[in-house]
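Undergrad: So the protein sequences, as listed, match chains A and B.
Under the working numbering, the first sequence has 140 at position 140, and the numbering climbs by one with no breaks.
So the mapping is simple: the working numbering equals the position in the second sequence, first residue as 1, plus 207.
Each hint should be verified, as a subset may be incorrect.
[Stated by the list, open to error] With a cut-off of at most 27 Å between alpha-carbon atoms, the simulated DSS-like pairs for lysine-lysine come out as follows: (1) A/K128 with B/K358; (2) A/K151 with B/K335; (3) A/K128 with A/K117; (4) B/K335 with B/K324.
Don't read these hints as lab results, they were simulated from the structure.
This one's a predicted model, so the numbers in the text were calculated from it and none came from an experiment.
2 protein chains.
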Amino acid sequence: MSESSSVKSTNVIWQNSRVSRERREDLFNQRGATLWFTGLSGAGKSTVAFLLEHLLTERGFKAYVLDGDNVRHGLNSNLGFSDNDREENIRRVGEVSKLFADAGLIVLSSFISPFQKDRQLVRAIHEKAGLAFMEIFVDTPLSVCEERDPKNLYAKARRGEIRDFTGISSPYDVPENPELSLQTQGEPLESAMLVLDYLYDHDIIRA
Amino acid sequence: MSESSSVKSTNVIWQNSRVSRERREDLFNQRGATLWFTGLSGAGKSTVAFLLEHLLTERGFKAYVLDGDNVRHGLNSNLGFSDNDREENIRRVGEVSKLFADAGLIVLSSFISPFQKDRQLVRAIHEKAGLAFMEIFVDTPLSVCEERDPKNLYAKARRGEIRDFTGISSPYDVPENPELSLQTQGEPLESAMLVLDYLYDHDIIRA
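Isolated chain A (complex conformation):
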């Protein structure tokens, strides 16, 4: 049994916040939601997420980027890149995303998250809590990501210096039914504006 599927907590009683979700949405003029950016390393997930955070913030909305690299310095610093650790990594950030969305924020979660079942788990966590969840596939081909190689990781992976590297020595499950696919290569602003339109269209934010 994997660590993440075992439930050890007992004698725990759920406590509800005194501030209702409706009241929070009313005051924030937005609905809490998780936008889950998935895609290969170098696909541009974080670039689009940070740009979108900027666009939302300047329009007066409350947004925050949870980023794979950043979270691994803190919350998940005790996890590596084995299949089990990747699963626990995504489970934890999925739960943290849920807390942010519950707090009324639009959280932009940017994680390779290569396995369909892990992304499905995160979606289920949100649906169970009645919170909006949108999977955004940053659909940049492997060849382009490898050509960019902004962190010199593909080169290391090809030389065998990094194990379990997504796209090279570890699989990436292409999203089956993402709410959005971003195929615009090279123009992050165009992608960010597409997502922004989507948020207006789906009543997450209002003009």
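Put chain B on the given structure of chain A with help from the hints.
TA: Frame of chain A, contents of chain B only:
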């Protein structure tokens, strides 16, 4: 070596958000901060925290309660109550508190957090990130907590049905230098108003 002190993540590069902390504070009219409520089970930590969340929200500030019981249903559902698991429990919620404070929110973290060294770790995580952290000791005597016993846990602990129960079969380190001690028993509103005044006085929120 405990799980929380081992660092396995490699090939990780820190990415900064494009939205500066200053800009966020400007737009939110508040400083991100973590208020860490510590004390025995039944001391009234969550009651005060939820009340304060309500008071802050209705004044237009952005606040959110992270609660031991709530978090254990999700993020920390794979942790129990052994010393190691308690340490990892507090480490994780400390890191999550930091993320919320970095996002510009006032996070009200309500956890028994019995060990001084764990609370010190959470403080250090915030100080390293340049974020405000305030330890609030909800100083209700054991006898009062046990008399209240709202979840019937002390009775179970006395009968030996719960192991490692703080105050009964597991120690509670009294905070040495908390920013605030709340000794008002029975009147949560009084305690919440004390904290509110503290936040005004220390420029976390502005009238």
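Undergrad: Which of the numbered hints above does this structure break?
TA: none
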